[in-house]
Structures are given as structure tokens and as C-alpha cells.
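Peer 1: Chains as they are written, first to last, in numbering that gives the first Met the number 0: chain A, 0 to 155; chain B, 0 to 155; chain C, 0 to 155; chain D, 0 to 155; chain E, 0 to 155.
The set of hints was computed from the structure by calculation and includes no laboratory data. Warning: the hint list may mix true and false statements.
Note: identical chains are not told apart, hence a pair may lie in one copy or across any two.
[As the list claims (entries may be wrong)] List of simulated lysine to any residue pairs, SDA-like, C-alpha gap at most 25 Å: (1) 17 x 155; (2) 91 x 102; (3) 72 x 114; (4) 2 x 91; (5) 68 x 133; (6) 129 x 108; (7) 129 x 99; (8) 72 x 153; (9) 17 x 141; (10) 132 x 87; (11) 111 x 132; (12) 68 x 110; (13) 137 x 106; (14) 17 x 107; (15) 91 x 153; (16) 72 x 151; (17) 137 x 22; (18) 111 x 142; (19) 137 x 110; (20) 137 x 33; (21) 129 x 24.
If you're wondering where the values come from, they're calculated on a predicted model, not measured in any experiment.
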Amino acid sequence: MIKVGIVDTTFARVDMAKEAVDVLRENMPEAVFIRYTVPGIKDIPVAARNLLVEEGCDAVITFGWVGSKLVDKYSYIALSIGLIMLQLMTGKHVIDVTVHEDEAEKPSELYKIAVDRARKHALNLVRLMKGGKEALTKYAGKGLRQGYPDVGPIVE
Amino acid sequence: MIKVGIVDTTFARVDMAKEAVDVLRENMPEAVFIRYTVPGIKDIPVAARNLLVEEGCDAVITFGWVGSKLVDKYSYIALSIGLIMLQLMTGKHVIDVTVHEDEAEKPSELYKIAVDRARKHALNLVRLMKGGKEALTKYAGKGLRQGYPDVGPIVE
Amino acid sequence: MIKVGIVDTTFARVDMAKEAVDVLRENMPEAVFIRYTVPGIKDIPVAARNLLVEEGCDAVITFGWVGSKLVDKYSYIALSIGLIMLQLMTGKHVIDVTVHEDEAEKPSELYKIAVDRARKHALNLVRLMKGGKEALTKYAGKGLRQGYPDVGPIVE
Amino acid sequence: MIKVGIVDTTFARVDMAKEAVDVLRENMPEAVFIRYTVPGIKDIPVAARNLLVEEGCDAVITFGWVGSKLVDKYSYIALSIGLIMLQLMTGKHVIDVTVHEDEAEKPSELYKIAVDRARKHALNLVRLMKGGKEALTKYAGKGLRQGYPDVGPIVE
Amino acid sequence: MIKVGIVDTTFARVDMAKEAVDVLRENMPEAVFIRYTVPGIKDIPVAARNLLVEEGCDAVITFGWVGSKLVDKYSYIALSIGLIMLQLMTGKHVIDVTVHEDEAEKPSELYKIAVDRARKHALNLVRLMKGGKEALTKYAGKGLRQGYPDVGPIVE
């Protein structure tokens, strides 16, 4: 049985997990999903850890929302290092979906970014879990983006 | 018996731990609280560690106060990484309540931020400890803030 | 049997792995190559770890592409720390080939940088794997560059 | 027998360790002190580690001096993370006394900052070692400063 | 038998290792030296690790050269954290000699900085290895510099 962990926050302003679960359920109907909601991004690593280590999840997808101030970005560095260390400890993927409050000025634009990023990264997770190491290789170097339109490859 | 650790500093300018303990005692009257006061934020991780590992606390809440200079922010990065690594090591929550000296110009405003943040995060800790992984899920993506009014979700 | 791991991303805009594999195959025809494609740079460390630890690769070469925004650079810090920690854990080389989107304004220039960097670092890996600790010593302090022309040594 | 480790550098411009040892000896006449001098701040963590792990020190106090350039501050980040990780590994306090070259323009002012900070943090160490977790609790949130006059608490 | 490891890069523009080996051989004629050359600074930690852990070196001295761009400085942070973590793991000194491309505008000046820094730090390593913890204590707080003239202590 495949188990996927989902970590999100009450700080975020869009329910990205819901979007991702739609994609995950559609593509992995056989999987079990365990959701874990924490206050903010610095609480995400321990939640992801507990889902991987204690709940036996095979992978985790996390949804962070980062404020626009410099200290928020510093918290983002700590989050990123934490999730990478966790992945080195466990050998399992933690797909980190992060939206930065200052990526767009208009809330409607932020909303679109968040939903698109959540859904596309959910699909990335599906591909990695079902297809393994080379599942994404046909897209290698193709300039794919999550939250924005793909920019495409640069050719000679 | 539930044990909650509380770490604060002599550098801070508001007794945030007192505010948090009020909330914690009211909502977890059965719990035992162990307080540990250190000089500044870089001393917080080892105190939190000792409360979790040696005293057997189930979770810790920490209260940091960060100066306004760039090097203070760099200390904040180190603190944040340290607390995240500690959580990865122990699998237990360390709710990190931090106030930045430059969040407000007026001391009275800083005071309000600190008290609000301490009390709301204490409640977050209560919910996580009593309700588990999905206790906060109804607030996921709802734009909750600690120290400020909630900003609310962005809807399509 | 020598096993070399290759990690790249779908975020990148040039298929650097292909360039590197050309060089690797030509110089190590006896080696086996395992490729692992992930979405972005923060997914690289766990892929490299799995190639080293689970697949038994002797070394890994990774191809990252970093956006031009400050938060992209912060992700780069996390990536770099992660790959260094992985190397400390395993004692194996992970040659990290990174291109920054803002290294050049013209796409054609970025393309040249990426290809040159990938090919030269592939050759570095060959030399380290076949020649050992002193294979590169004749070039020590010689101002070699990957992605750009060598700048050469400074002499008294 | 209480053992306290003292780490300082040849880069520093004030003999802070001497000041701290005065305070430590006066308040812990029964303790043994082991001093370890290294070139600069990035050498401090391993010295502190060896004092804690190999010499069996119960705690360490370190004296760093940081240059005014940005890369000096980056070294400070690495130092801070290192000392925090060491404390997480050992569960022992490492009180980190750091002076930044750019805290004052006049050398005489820097001197005063360094001496005051060293002496006050030595006293913090005494209190933590002799009084335990709540020894500093009466000062929690009181706005104590080392190197400068206390700024005091903010009251409602 | 004393074994000293030496790590340098092909990115550097001055053969600092040669300078350091001169000093080391003169002062530790009985020691064995093992040199390991890697492409750039992010490859230094694993090389230092292998010299300490696999080759049994008692200490390592590393020679890094950092570009002038912000991302080069970010690589420097990762390098510094890596070398500190390695020292915490092994309890052995890794003396980190780093030159920043932007320390001087004139190549001849950079050359002088690099040579002076390499030779002085080699002497620091000799003193620590032969004299132990207090070998440098007579210089504590004396404002010694490597790469530049000593700035001297600040006196009251």
C-alpha cells in the first residue's frame, strides 16, 4: 500500500493541499493520504519527518507560504535546509511546494500561482512514485515551471 | 502525564512565557510545565533539547527576541536551523515564537505583538498536542497570523 | 564495475546531462551510468543520496539551474549545504554543476556556459575517479574555470 | 569536579578570556578551567567540541571576534550553526561571546563592549551551571544586554 | 607518524598549497603530507573528510578561492558550514585558508595576500599540532591577521 503524506500550514492563504490531493487521488486511486497541518513553515520539517518515519509514508508533499520580509526569507532557508536534511536521512522524496507572498501583487494572481504550483508538483510526485528515477527524464532540461507557464528549453 | 517545556531568554523585552503559560494551563490543566531561561536566542536550541531529551518533555515552546541588526538576523537563521534539526532528531514539536525588535517602532506595539504571538502559538501547541495531525486542518490555508490580525484566505 | 550517478532537473533549460554523458562515456567506456531526473534543485540531494547509498554509485554528478531571484539563491544555499553534507556522510564525490539564470542575458550565451560547464566538470569527475587525489594537482592554483575560459594563475 | 572550557582566538583584539576567567574564578573557585586558543572563529567549534567531548568539560564559553565585511558575517553564520549543532550533540551549554568589529567606530568603545560582554556572559554561565534551568528566570523578558547597558522590559 | 592532509583547488589562482607545504616541511620534517586537489570550494569538504577518515590524517589544511559574485559567497557559506560539521564529526582541526577574489583589485596584491595567508596559517597548524591547546594562547586577543599585517590588540 502506497502512503503519501501531506503537510500544510494555517499561515498559507490558499488551500494548496486540497488541490494537490485532487491530483493525487485521480492519479493514485490506490494510495492512502495522511494530512498534517501545522502553524507555519518552520513547523513543516518535523511534520514531514513524522509522516515518513512514524507513519511510514513513502513520500511527502509540503505546502509552505512565505511572507515578504527578509526574515521570512531567512525562515525559508531554514525550512529548505531542514527538508533536504530529512530527505538525506530517509532517502525519501519530500516535494516542497512554496509560494512567496511577494511573487505577485494581486491576490488573484497569487491564487493562480499557488493552485498551479500545487497541482503540477502533485503530478511530479505521482510520476516519481510510479515511474521511478527516469520518469521525468524526458522533461530534463525542458524549462518546466510550476506556478508559471513553462519557459522551455534553450537550444543552440 | 503530559510534559511541556518552555524556553525563554533574558534578552527578550516582554515576558512572553508568562502569557503562554496562562493559555497552556487553562487548556491543559493536567500538564506539567518545565521552564528554562537562557541569555539569548543562540542558547535556545540546547535548552529545548535538554527539555525534550533529558526531561522527557512531549513538546517545547520557545520565545526568542531578535535585534534589528543584520547580524541579529543571521543569529536568527542559526537558531531556526538548530530548532529544525532538533525536531528532526526527536520527532517532537518545538513551536518557535520569535519577535523581531524592528517589527514595530513603538514599544507599545511591540508589546502587543509579543503577547498576541505568544498566546496564539500556545494555543497552536495545545491543539497539536491534544488534537494531533489534523487538529489545525480546518484552518489550513486560512491565512492565520500570530502577532497580527489574521489576513484570511485568498479565494478564487 | 564503476557506477556513476547523474542527477538533473526539469527546471533546467539545457540538457546538461546529455553533454556530460558524452564526455563520461568517451572517457570511461567501462562505466555504468544511472540517471535520475527530479523537478528542481531542492530535489537533487535526495536523488544523489539514493544513487550513492541505494544504487551503489561511486560518484555522482548533478546539474542544477538556479533562477535569478534572491529566493532562488537561497534555495541554492540549501542545495549546496545538502550536497556537502551528503558527501561528508558517504565520502564520495558529488560534482555539482550549477548554472544561474542571471549569468548571461542572452540565451545563446547561457547555453554555451551550460554546455561548457557540464563537459568540463564531467572531465573533472573522470580525472578524480581514474586518477585519484593527485590527478588534478598539476592544475592546482591554475585558475581553471567551467562555463568560462580559464583565467589562469596569478604569478608573483 | 566542575570543568569549564574556554575558547578564544588570536584574531580577536581584546583578551576577553582573561576577563571572563576573573569572573568565573571568583564565582566558581572550585572549578577547573581549560583554555584553548585557535586562529579564528571558524576554528572555535572543533575546539569547543574537544573540550566538551575529550576533556569532559561541563560547559564551554567561547570568545569570537568578527570582521566588518560581509564574508566575515557569513563566517559568523557558519560559526553560529556549528556551535548550535555541537550543543544539540552534547546537551551542554556553549556560551558564545561574539564582538563585531563594526559595533563601534572608536577602539576604546569596542574595548568596553568586549570586556562588558565577556564578564556578563561569564556570569550567565555561572548562573546556569550553579542554578540550573530557572536560575535566569527572574530576568526573563527583562531586556538584559551584554556589551551594552540593559534596555529593560517593555511594559503594557 | 604525523600525517597532514592538504586540499586545494584548480579554481584558485595561486598555488597556496606549495607555500604552505614549504612551511610545514620546515617545521615538521618528520610529518607525512597527502595532497588532494579538487575542482572548486564545494568539493573541499569531502576531500578533507577522506583525508581525515580514510587516510588517517591528524589534521587538514585547505586552500579555497572564492569568486566575487554573491553566489560565490553563498558557496562559501556552504563550504564553511561543511568544514565545521566535519570538524565536529572528527574532532580534528581543518584549517581553512580562503582568499576572496575581491579582496584586492590588483593581481599582485591578491598574490601577496594568498601567499601570506597560506604561510601564516600553515604555521598556525604547526603550533596547534605540536603545542596543543595553549600553543596560541600567548597570542590570544592580539589581533593577528593572515593575508594582511597584524592589527594588534586594543588596550584600555
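Peer 1: All the hints need checking, so say for each whether the structure fits it.
Peer 2: Hints, one by one, checked against the model:
1. 17 x 155: between (41 Å within a copy, 14 Å between copies)
2. 91 x 102: So residue 91 and residue 102 fail the 25 Å test inside a copy (29 Å) and across (32 Å) alike.
3. 72 x 114: Classified as both; 21 Å inside a copy, 24 Å across copies.
4. 2 x 91: Close inside one copy (12 Å) and across copies (21 Å); limit 25 Å.
5. 68 x 133: neither (38 Å within a copy, 29 Å between copies)
6. 129 x 108: For residue 129 and residue 108, the Cα distance exceeds 25 Å both inside one copy (32 Å) and across copies (37 Å).
7. 129 x 99: Result: close neither inside a copy nor across copies, 29 Å intra and 31 Å inter.
8. 72 x 153: between (30 Å within a copy, 21 Å between copies)
9. 17 x 141: between (28 Å within a copy, 13 Å between copies)
10. 132 x 87: both (16 Å within a copy, 24 Å between copies)
11. 111 x 132: This pair counts as neither: shortest intra-copy Cα distance 29 Å, inter-copy 27 Å.
12. 68 x 110: both (19 Å within a copy, 20 Å between copies)
13. 137 x 106: The answer is between: 21 Å across copies meets 25 Å, while 34 Å in one copy does not.
14. 17 x 107: within (18 Å within a copy, 39 Å between copies)
15. 91 x 153: neither (31 Å within a copy, 32 Å between copies)
16. 72 x 151: between (27 Å within a copy, 21 Å between copies)
17. 137 x 22: both (21 Å within a copy, 20 Å between copies)
18. 111 x 142: both (19 Å within a copy, 16 Å between copies)
19. 137 x 110: Result: close only across copies, 19 Å inter versus 29 Å intra.
20. 137 x 33: Only across copies: residue 137 and residue 33 sit 15 Å apart there, 30 Å inside one copy, limit 25 Å.
21. 129 x 24: Only inside one copy: residue 129 and residue 24 sit 13 Å apart there, 29 Å across copies, limit 25 Å.
Checked against the numbered hints above, the structure violates hints 2, 5, 6, 7, 11, 15; every other hint is satisfied.
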